[in-house]
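K.L.:
Counting from 1, one number per residue, gives the positions in the sequence shown under full-length UniProt numbering.
Hints are supplied without guarantee of correctness; some may be wrong.
Under the rule of at most 25 Å between Cα atoms (straight-line distance), these lysine to any residue pairs were calculated in the SDA-like manner [stated by the list, open to error]:
(1) Lys74 <-> Ala58
(2) Lys74 <-> Leu61
(3) Lys74 <-> Ile86
(4) Lys74 <-> Asp46
(5) Lys74 <-> Asp30
(6) Lys74 <-> Ile28
(7) Lys74 <-> Met1
(8) Lys74 <-> Asp88
(9) Lys74 <-> Val89
(10) Lys74 <-> Asn87
(11) Lys74 <-> Ala56
Calculated from the structure, these hints are not laboratory results.
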Amino acid sequence: MNELLFENWLIFFSESVGQEIQRIILLIFDGSSSHYSEDIVSLCDDLGIILMCLPANATHLFQPLDICVFSSFKNAFRRGVYEETINDVSDNM
Numbered sequence: 001m002n003e004l005l006f007e008n009w010l011i012f013f014s015e016s017v018g019q020e021i022q023r024i025i026l027l028i029f030d031g032s033s034s035h036y037s038e039d040i041v042s043l044c045d046d047l048g049i050i051l052m053c054l055p056a057n058a059t060h061l062f063q064p065l066d067i068c069v070f071s072s073f074k075n076a077f078r079r080g081v082y083e084e085t086i087n088d089v090s091d092n093m
């Protein structure tokens with residue numbers, strides 16, 4: 001994701017949430033350079049979005065779904081693709 005795309009997403013997200021009710025939006029994100037610039041910080045301030053940047057190399061602490069759920073899914077998917085590829089090659093020989 002580049003900075004322009006992220007800016008457009010922030011505007012879309014803010015409009016989707018609406019402003020007719022009192023709200024606090026806390027956006028937790030990784031330290032990608034496209035997520036953190038003066039323009040992004042200023043836009044979030046204008047939209048009433050509070051930014052919180054996760055520290056580097058802390059996925060295992062802050063994103064347990066990545067470790068517990070998604071990594072298992074990715075491994076199973078890779079195994080399935082590998083097995084399908086092997087079977088396809090065997091069938092075509």
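K.L.:
Could you run down the list of hints and mark each one as holding or not?
P.N.:
These are the hints, each one checked on the structure:
Between Lys74 and Ala58 the CA atoms are separated by roughly 20 Å; this keeps the pair inside 25 Å, and the hint holds. Between Lys74 and Leu61 the alpha-carbon distance is near 19 Å, which keeps this suggested pair within the 25 Å criterion. Restraint check for Lys74 and Ile86: the C-alpha separation of about 18 Å stays at or below 25 Å, so the hint holds. Proximity of Lys74 to Asp46 is assessed by CA-CA distance (about 38 Å); at most 25 Å being required, the pair is judged violated.
Distance hint between Lys74 and Asp30 is fulfilled; the C-alpha atoms sit about 20 Å from each other, no more than 25 Å. For a cut-off of 25 Å, the pair hint linking Lys74 to Ile28 stands: about 23 Å separates their Cα positions. Proposed proximity of Lys74 and Met1 is supported: the alpha carbons are some 21 Å apart, at most 25 Å. A distance of roughly 21 Å separates the Cα atoms of Lys74 and Asp88; the hinted pair therefore holds under the 25 Å criterion.
Restraint check for Lys74 and Val89: the C-alpha separation of about 22 Å stays at or below 25 Å, so the hint holds. In summary, the hint linking Lys74 to Asn87 is supported, as the alpha carbons are separated by about 20 Å, within the 25 Å threshold. Restraint check for Lys74 and Ala56: satisfied, since their Cα atoms lie roughly 22 Å apart, inside the 25 Å limit.
Violation of the numbered hints given earlier is confined to hint 4; every other hint is satisfied by the structure.
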